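Working from the sequences, and respecting the hints, build out all of it.
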Amino acid sequence: MKTTTLKGALLVTTLLGATAATAQDAELIIESWRNDDLAIWQDKIIPAFEAENPGIKVKFTPSAPAEYNAVLNSKLDAGSAGDIITCRPFDASLALYDAGHLADLSDLDGMSNFSSVAKSGWSTDDGSATFCVPMASVIHGFIYNKDAFEEVGIDVPTTEAEFFAALEAIKADGNYIPMAMGTNDQWEAATMGYNNIGPNYWKGEEGRNALIAGDQKLTDEEWIAPFRQLAKWGDYLGDGFEAQTYPDSQNIFTLGRAAIYPAGSWEISGFNGLADFEMGAFNPPVANAGDTCYISDHTDIGIGMNAASDNPEAAKTFLNWVASSEFSNIFANSLPGFFPLSNASVALEDPLAQEFISWRSKCESSIRSTYQILSRGTPNLENDTWNASVAVIKGDESPEDAGKRLQDGLASWYAPQQ
Amino acid sequence: MANSKGKVRWHIAVFLAPAVLVYTAVMIYPLFNTLRLSLFTEIDQARVWVGLDNFRTLFGNAIWSDQFWNALGNNAWFFLIHMLVQNPIGVALAAILSSPKLRFSAFYRSAIFIPTILSFVIVGFAWKLILSPIWGIAPGMLDAIGLKFLYQPWLGKEEYALTTLSLVSVWQYVGIPMMLIYAALLSIPDEILEAGECDGITSMSAFWKIKLPLILPSIGIISILTFVANFNAFDLIYAAQGALAGPDFSTDILGTFMYRTFFGFQLQLGDPHMGSAIASAMFGIILVGVCIYLFGIQRRLRSYQF
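Taken in sequence, the protein lines are chains A and B.
Position 22 of the first sequence, counted from 1, bears residue number 22 in this note's numbering, the numbering being contiguous throughout.
Position 17 of the second sequence, counted from 1, bears residue number 435 in this note's numbering, the numbering being contiguous throughout.
It is possible that part of the hints are untrue.
Stated by the list, open to error - Below, computed lysine to aspartate or glutamate pairings styled on EDC-like, alpha-carbon distance capped at 20 angstroms:
| id | chain 1 | residue 1 | chain 2 | residue 2 |
| --- | --- | --- | --- | --- |
| 1 | B | Lys575 | A | Asp185 |
| 2 | A | Lys316 | A | Asp25 |
| 3 | A | Lys57 | A | Glu222 |
| 4 | A | Lys75 | A | Asp109 |
| 5 | A | Lys316 | A | Glu50 |
| 6 | A | Lys59 | A | Asp310 |
| 7 | A | Lys404 | B | Asp689 |
| 8 | A | Lys232 | A | Glu222 |
| 9 | A | Lys404 | A | Asp220 |
| 10 | A | Lys316 | A | Glu326 |
| 11 | A | Lys217 | A | Asp235 |
| 12 | A | Lys75 | B | Asp689 |
| 13 | A | Lys171 | A | Glu150 |
| 14 | B | Lys575 | A | Asp25 |
| 15 | A | Lys404 | A | Asp239 |
| 16 | B | Lys566 | A | Asp239 |
| 17 | B | Lys575 | A | Glu206 |
| 18 | A | Lys404 | B | Asp666 |
| 19 | A | Lys171 | A | Glu151 |
| 20 | A | Lys203 | A | Glu222 |
| 21 | B | Lys575 | A | Asp396 |
| 22 | A | Lys59 | A | Asp43 |
| 23 | A | Lys75 | B | Asp666 |
| 24 | A | Lys316 | A | Asp173 |
| 25 | A | Lys57 | A | Asp107 |
It should be emphasised that the hints constitute simulated quantities derived from the structure, not laboratory data.
Treat the numbers as computed from the prediction; the structure is a model and nothing was measured.
Here it is, written out as structure tokens:
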């Protein structure tokens, strides 16, 4: 009997102790899909913030990228989500805002550090309210193996013709797989294929806005041309590319077995650690020498506040800090390849990341064509674009048929295209 | 007994309560709530009653119905492969294992059963690696015996992917019919087989004429278990091909279609109401299948009393 009482007393004191400890500090929990960045948040970003803001404890709790949206939605509906929500761009976050899960941050002080283009990914359609602090963008292009290019004796291609000549030369040389990409996971074909080279053909924002306004159609030459390019890619991908997955492609390239990798800049930090050859990058080749180049500089990560947070003040302090140039510097340099969207200038130490970000000055920036507004209905344009890009690369569908299928799907629900 | 008449027999309720409560909370309530959810839709953040509209969309709108019939067709093929490959192999393995002359039968039995207890994630991932055109051992092994030309990136080709995944699933689950049939075969009394032997029925014909008819009820049960499991399947496809069930939806089955719709995928937002409609359709299909089996087949099977 005595021992039970003692145990009971001990238990009670432990519980009391635990609650007392949490009552002192406001604890912020961050929901994110960037589980790759766990170490950077824990070792660099969070300590830097906590040093400046004693009394606020931050915990980064990411989930798997593919499951993030589903997990987050369920958690928010159940009321068990964290205080800080990492925001997917466009509709996924807009829906959360409309549902009252994300707080309106329009009057947050730090918001003045961002351009309206940067905020477009996380604002209402009319731009009146912004609900996430823009955190990072990713730029598309091609990463190449410098040793391979030297061995084969080719230069960095700047035009379409040079690009295919280079691929042909690498193929003829036979030591390298010309391009590392597979179609098993589907999204690479659309994200690193169609939306990577596409802006050069539909002229970036001009074409993208025309498509949203209904002035252009996916069956127009501007939108079919990238498919015509993709149709030629199939010959230069490795054997069995149909079953090659995304990690397969990454490994093939970093092991030095492939010469070119159609990339997003987010690969940079991972590749730096894995590849033991020198890497370079080139922006998507243009049709004719001297054409203006366009790049996909896609608003990718934002960060907002759970409207049901128990610590709204602490959360706002954190978000203001995320909007500061201090955060931009830590973030951009610990995660080369995710480029800050704030107006503050940031010095990048990584040469590959510097190469990517330098295109911002020589090319026109745009974002992925399917992300704003156009993937709201059923059938989902983004998912269909994955499917169509794969079909075109495999040669199962002609570029014209793919364009027509996408246009029919879009027109079936999107009024400006009807 | 006479004095217990009229008394309320509380102990029955007490003993039933835990099971009934748990089953209600985790099975019956979610099931009916899903059926209920399929009759609503969301308009401007509010849940609105729409009757059977979701089902009208699912079967009447080509965008939805094409996907549904594609998934159902794939599911039927998935089931057919299991019925044609998994269950005959299971029966054959059980027949061989139950032979008293076989040595190391306990070892074989465990070895064949082990994949069943593996997680589908491990199975999906391991087979993806085995069949991978880049790192896989499948191309290398075929090359070693001079059959490299037979190799295809099976999981990436529309015409092979579903069959390949069905066979992977067969590999994983063949242990279950084997075990059930094995148990049924062991329960056949030796007297019957000996009596058959006296009448000149031995070895193979003993299997076909005596054992097989006696294990038919077990085969029936296995068939219906396979049917229910296959039409509820999701995990292996999701682990191997992702929620878009590529290439070009050729491995999309009802489970993945429901998941994609219910929870959303990439830019596609989740729609719990359409998702519930698909889940209800799955429930209906399984219910009909089980009823056909129960009333059409099970009642005609004769059971033998030993």
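A quick look at each hint next to the structure:
no.	hint	result
1	B:Lys575 / A:Asp185	holds (12 angstroms)
2	A:Lys316 / A:Asp25	holds (15 angstroms)
3	A:Lys57 / A:Glu222	violated (50 angstroms)
4	A:Lys75 / A:Asp109	violated (28 angstroms)
5	A:Lys316 / A:Glu50	holds (14 angstroms)
6	A:Lys59 / A:Asp310	holds (15 angstroms)
7	A:Lys404 / B:Asp689	violated (27 angstroms)
8	A:Lys232 / A:Glu222	holds (17 angstroms)
9	A:Lys404 / A:Asp220	holds (9 angstroms)
10	A:Lys316 / A:Glu326	holds (16 angstroms)
11	A:Lys217 / A:Asp235	violated (28 angstroms)
12	A:Lys75 / B:Asp689	holds (16 angstroms)
13	A:Lys171 / A:Glu150	holds (14 angstroms)
14	B:Lys575 / A:Asp25	violated (55 angstroms)
15	A:Lys404 / A:Asp239	violated (29 angstroms)
16	B:Lys566 / A:Asp239	holds (13 angstroms)
17	B:Lys575 / A:Glu206	violated (37 angstroms)
18	A:Lys404 / B:Asp666	holds (17 angstroms)
19	A:Lys171 / A:Glu151	holds (13 angstroms)
20	A:Lys203 / A:Glu222	holds (8 angstroms)
21	B:Lys575 / A:Asp396	holds (11 angstroms)
22	A:Lys59 / A:Asp43	holds (12 angstroms)
23	A:Lys75 / B:Asp666	violated (31 angstroms)
24	A:Lys316 / A:Asp173	violated (57 angstroms)
25	A:Lys57 / A:Asp107	violated (24 angstroms)
Consistency note: the structure conflicts with the earlier hints numbered 3, 4, 7, 11, 14, 15, 17, 23, 24 and 25.
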